[in-house]
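Line by line, the protein sequences are chains X and C.
According to this note's numbering, the first sequence is numbered sequentially starting from 1.
According to this note's numbering, the second sequence is numbered sequentially starting from 1.
Watch out, some of these pointers could steer you wrong.
[Claimed, not checked] Pairs of lysine-lysine residues, derived as DSS-like cross-links and limited to a Cα-Cα distance of at most 30 Å, are as follows:
1. K545(X) with K190(C)
2. K104(C) with K285(X)
3. K361(X) with K505(X)
[Stated by the list, open to error] Looking from chain C toward chain X, a few residues come up when the C-beta cut is under 10 Å (computed):
4. V93
5. T143
6. Q147
7. G157
8. S163
9. L164
10. A165
11. Q170
12. Q171
13. G172
14. G174
15. W178
16. D181
17. V240
Keep in mind that the hints were calculated from the coordinates and are not lab data.
Think of the CB as a built atom: it goes at the ideal place given N, C-alpha and C, for glycine as much as any other residue.
The lines below spell out each chain.
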Amino acid sequence: MRTIKYPKEQLHRIAFTKLTPSEIGAKLGAAEAGPACASAYSDALSGKSLTIATDDGLTLHYTFDGPRSLSIAEGAGAPVRAGYGALTLSHRIFFSHVVPGTQKAYHVVVDLDRHLATVFEAWFSGYVESREVQRQIHFGYIEAADRAPPKARHTLTNRLEGKGYHWVQDNGFDTLEIYPSALYSTFVELGLGGELCFCAPSDYVKLDDDLYVYSRVEAGFSGTMTVYVLDVNEERQAGVRLGFDEHDALQYYLFNGRGEMVGQIALFEPFDDEGTTIDIANRPKNPPKGWRPVYRPLLTSPPMTHAEVEAAIAKRISVFPERNGMAGNSLPYTDYLVGKRLTARYDGGPVLEYRFDTREKLRWRPQGERRWREESYRAWEPAPDLVFFGHLLSGTPRHDCVAIAIDFGNGLTTCVHGMLGTKYMANEASRETTFGIVEMEGLTPPQYLRHRFTEELVGRAMTWHYTKGLTSMHVYTTPWSFSWIIFLPNDAGGLEWSGPAQYVKLRDDLYLFNWLEEACNGTLGVLVINTRMMHDCGIGYNVNKEGLSIGGIGAEARDAGRFDLRRFYGAQWT
Amino acid sequence: MRMKSPPTRSATASSRDRRAFMLTAGTVLSGSLAAAAVAVTPHDRRDPARDDAEAIHDLDRRYGEMLNARRYTDLVDLFAADAQVELYGGVFVGRRGVSRLYAKRLDAGPGGARLDDGEPAHAFMLVKPGAAEPIEFGPDRRTARAQFTRPMQVEAGVALSGSLADMARQQGQGTVRWWEDGVYDVDYVKERGVWKIRRLAYRSAPLSVPPPGSSGAAPRRAFRFTSTFPHDPRGPDRLVGGASHSAVET
Numbered sequence: 001m002r003t004i005k006y007p008k009e010q011l012h013r014i015a016f017t018k019l020t021p022s023e024i025g026a027k028l029g030a031a032e033a034g035p036a037c038a039s040a041y042s043d044a045l046s047g048k049s050l051t052i053a054t055d056d057g058l059t060l061h062y063t064f065d066g067p068r069s070l071s072i073a074e075g076a077g078a079p080v081r082a083g084y085g086a087l088t089l090s091h092r093i094f095f096s097h098v099v100p101g102t103q104k105a106y107h108v109v110v111d112l113d114r115h116l117a118t119v120f121e122a123w124f125s126g127y128v129e130s131r132e133v134q135r136q137i138h139f140g141y142i143e144a145a146d147r148a149p150p151k152a153r154h155t156l157t158n159r160l161e162g163k164g165y166h167w168v169q170d171n172g173f174d175t176l177e178i179y180p181s182a183l184y185s186t187f188v189e190l191g192l193g194g195e196l197c198f199c200a201p202s203d204y205v206k207l208d209d210d211l212y213v214y215s216r217v218e219a220g221f222s223g224t225m226t227v228y229v230l231d232v233n234e235e236r237q238a239g240v241r242l243g244f245d246e247h248d249a250l251q252y253y254l255f256n257g258r259g260e261m262v263g264q265i266a267l268f269e270p271f272d273d274e275g276t277t278i279d280i281a282n283r284p285k286n287p288p289k290g291w292r293p294v295y296r297p298l299l300t301s302p303p304m305t306h307a308e309v310e311a312a313i314a315k316r317i318s319v320f321p322e323r324n325g326m327a328g329n330s331l332p333y334t335d336y337l338v339g340k341r342l343t344a345r346y347d348g349g350p351v352l353e354y355r356f357d358t359r360e361k362l363r364w365r366p367q368g369e370r371r372w373r374e375e376s377y378r379a380w381e382p383a384p385d386l387v388f389f390g391h392l393l394s395g396t397p398r399h400d401c402v403a404i405a406i407d408f409g410n411g412l413t414t415c416v417h418g419m420l421g422t423k424y425m426a427n428e429a430s431r432e433t434t435f436g437i438v439e440m441e442g443l444t445p446p447q448y449l450r451h452r453f454t455e456e457l458v459g460r461a462m463t464w465h466y467t468k469g470l471t472s473m474h475v476y477t478t479p480w481s482f483s484w485i486i487f488l489p490n491d492a493g494g495l496e497w498s499g500p501a502q503y504v505k506l507r508d509d510l511y512l513f514n515w516l517e518e519a520c521n522g523t524l525g526v527l528v529i530n531t532r533m534m535h536d537c538g539i540g541y542n543v544n545k546e547g548l549s550i551g552g553i554g555a556e557a558r559d560a561g562r563f564d565l566r567r568f569y570g571a572q573w574t
Numbered sequence: 001m002r003m004k005s006p007p008t009r010s011a012t013a014s015s016r017d018r019r020a021f022m023l024t025a026g027t028v029l030s031g032s033l034a035a036a037a038v039a040v041t042p043h044d045r046r047d048p049a050r051d052d053a054e055a056i057h058d059l060d061r062r063y064g065e066m067l068n069a070r071r072y073t074d075l076v077d078l079f080a081a082d083a084q085v086e087l088y089g090g091v092f093v094g095r096r097g098v099s100r101l102y103a104k105r106l107d108a109g110p111g112g113a114r115l116d117d118g119e120p121a122h123a124f125m126l127v128k129p130g131a132a133e134p135i136e137f138g139p140d141r142r143t144a145r146a147q148f149t150r151p152m153q154v155e156a157g158v159a160l161s162g163s164l165a166d167m168a169r170q171q172g173q174g175t176v177r178w179w180e181d182g183v184y185d186v187d188y189v190k191e192r193g194v195w196k197i198r199r200l201a202y203r204s205a206p207l208s209v210p211p212p213g214s215s216g217a218a219p220r221r222a223f224r225f226t227s228t229f230p231h232d233p234r235g236p237d238r239l240v241g242g243a244s245h246s247a248v249e250t
């Protein structure tokens with residue numbers, strides 16, 4: 001039986017050291033000998049000289065002394081010696097080296113048959129987080145005195161968009177990698193238990209119909225860069241990883257990998273759009289070297305202190321505002337609950353008594369208390385006789401909320417109890433999900449049957465259209481997390497982020513789904529998803545400097561496809 | 001008669017370009033010119049009436065071009081010193097008020113401060129090729145009035161917060177766009193030989209003819225100013241009761 005060493009902290013909770021440029025420079029000295037590799041290095045470049053000319057002016061003059069040593073001259077500069085490593089994949093050569101005495105590295109793909117080359121120039125200390133690798137892609141060709149420069153080039157592409165792979169590297173590194181976007185990707189480190197998925201800004205380059213280059217930088221985490229060539233027919237990869245791990249140890253190694261495509265989902269950009277440019281509306285006119293859109297949630301939503309949270313809540317509490325872009329395609333509110341009196345009894349959890357006075361006002365109290373508390377609520381009926389509603393629990397110390405699904409067809413109920421404040425951030429919500437039954441006149445609930453957690457949605461991708469101008473896509477990547485992608489103006493996948501999630505099966509094709517935007521803006525979202533209607537209803541619960549809010553969510557879905565992922569999370573993991 | 005032939009671009013490209021632009025065409029004077037129009041005679045190489053009309057049409061064209069190019073500071077120079085602009089229930093008065101509207105309020109733009117409140121911003125104006133609205137000149141030919149209607153693409157921020165909002169804004173999105181007919185009632189004045197806009201009143205009307213490539217997105221609910229300067233640092237100088245409001249409702 002395989003033993004998994006789960007990490008003490010998940011990636012988004014690790015407080016990565018803010019390495020200084022000088023610390024990075026000192027550590028990079030070990031990289032000057034070239035990358036390590038669990039497989040044999042390729043000697044395909046030994047004895048060769050190459051000059052790579054790129055369209056934006058970078059020229060690299062290489063002389064390869066053997067399989068591990070080269071000299072490089074950048075432009076008209078003097079040559080310097082460096083250690084390198086190379087791998088071949090399907091007649092393409094991938095090699096990598098640092099430039100000694102600098103914080104720069106080059107990861108290069110050469111196609112000796114077509115005389116083309118793509119250079120990933122990578123460097124540290126180019127961002128406020130010095131450990132985060134910055135990169136610039138240079139497309140070009142291999143110069144030769146006896147031939148004219150080729151007209152063709154490798155290009156950016158969307159031909160990988162929508163694919164997903166299970167990769168196992170020669171060093172045992174075992175990942176699921178999903179490419180749901182033109183500029184981001186999702187990865188799951190299965191070797192560390194695969195509980196959560198994470199997202200990273202990514203690049204996709206087409207070499208030809210068989211071969212592509214993928215890169216990602218784990219921005220906001222370790223800052224490590226991964227680049228690999230992949231052959232979609234052979235399902236093999238050859239690449240490099242460069243960065244510093246959570247212990248600030250240098251990671252610089254080449255790897256071969258074998259993979260398996262786990263699925264492909266739909267693309268939504270126009271058919272004649274091959275993704276050779278990224279349609280970002282606010283690209284700077286003259287973007288600085290290495291510019292790329294990166295979602296950094298803690299910059300836009302900095303963590304708040306407990307005092308700041310309390311001050312914000314004292315200033316404003318917003319309850320189901322009328323204008324809400326997240327509910328532009330909301331199901332209509334229902335008055336199904338009006339006039340009803342019931343007790344929701346949760347196993348090991350709260351017992352809540354309710355009186356639904358109007359379509360928007362209810363009274364509740366914990367069983368055993370005399371005082372009724374009035375709250376504003378909203379309810380929806382996402383399936384016949386199944387109602388979902390949510391409200392704040394005013395006066396609770398952590399400004400709690402509940403989002404409750406009640407199935408009046410069988411008396412079952414599920415409660416997602418949200419609270420503010422975790423050990424990480426005062427404005428971050430947490431939740432407890434409990435299953436139970438409803439006691440109400442005319443309803444006899446079951447004794448043993450309960451709603452339960454499910455993996456039926458795992459691997460599915462759905463687009464969600466909230467309102468004009470706002471559409472996202474969910475990829476339900478693991479049983480405990482998912483990612484969301486927001487579309488670019490040309491409907492290619494754009495920025496992406498992820499968070500912990502839970503999936504509860506209410507009925508066939510009806511699910512209660514909740515997620516937490518941890519290490520982000522702290523939102524708790526709870527939805528009921530009806531995959532027959534391809535519609536949802538739900539609530540979002542959040543505190544920010546403007547105050548506390550609970551609001552509705554409503555969107556129309558389209559099926560974007562499915563990845564075969566559930567088998568990676570089965571009982572073989574312990 | 002001298003004709004202008006400004007450059008053209010495709011509407012499809014414009015719908016993808018957030019910086020937007022104005023489709024232009026050669027302006028043609030309609031037959032229904034004001035009575036002050038003077039026929040050109042062999043002895044008169046220049047026709048003052050037609051020159052004035054051309055100048056005003058050129059002024060309108062430059063207004064559209066600058067609006068589309070978001071050259072708001074330059075656009076303010078098209079207005080007279082005592083100009084007024086009325087839209088969405090507010091009146092912006094004088095050079096300061098007009099500057100506050102264009103160079104401060106509109107220039108915040110989608111992606112800027114107005115993103116959350118759904119306030120519309122005029123993304124671009126589509127000139128109808130061959131359009132030639134009549135111009136009525138005052139007796140002294142120092143004032144004039146015209147009304148023209150142009151398809152306007154309007155955009156407003158989507159009222160939302162959270163990670164989707166942050167991500168959308170970071171991609172330069174988080175706005176919704178729609179088409180409406182923008183009806184401009186404009187008074188002009190000739191100052192030191194140069195025609196300026198003295199009063200511009202804008203109101204929305206349901207789109208009569210969808211522009212090519214438009215998605216036909218339904219117009220948004222009307223926005224009206226509710227507070228004035230200086231309470232709103234970028235607000236109008238006064239409010240209009242019932243005037244200049246959008247006729248378009250969702």
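Review point. Taking each numbered hint in turn, which are not upheld by the structure, reported in ascending numerical order?
Key: 1, 4, 5, 6, 16, 17
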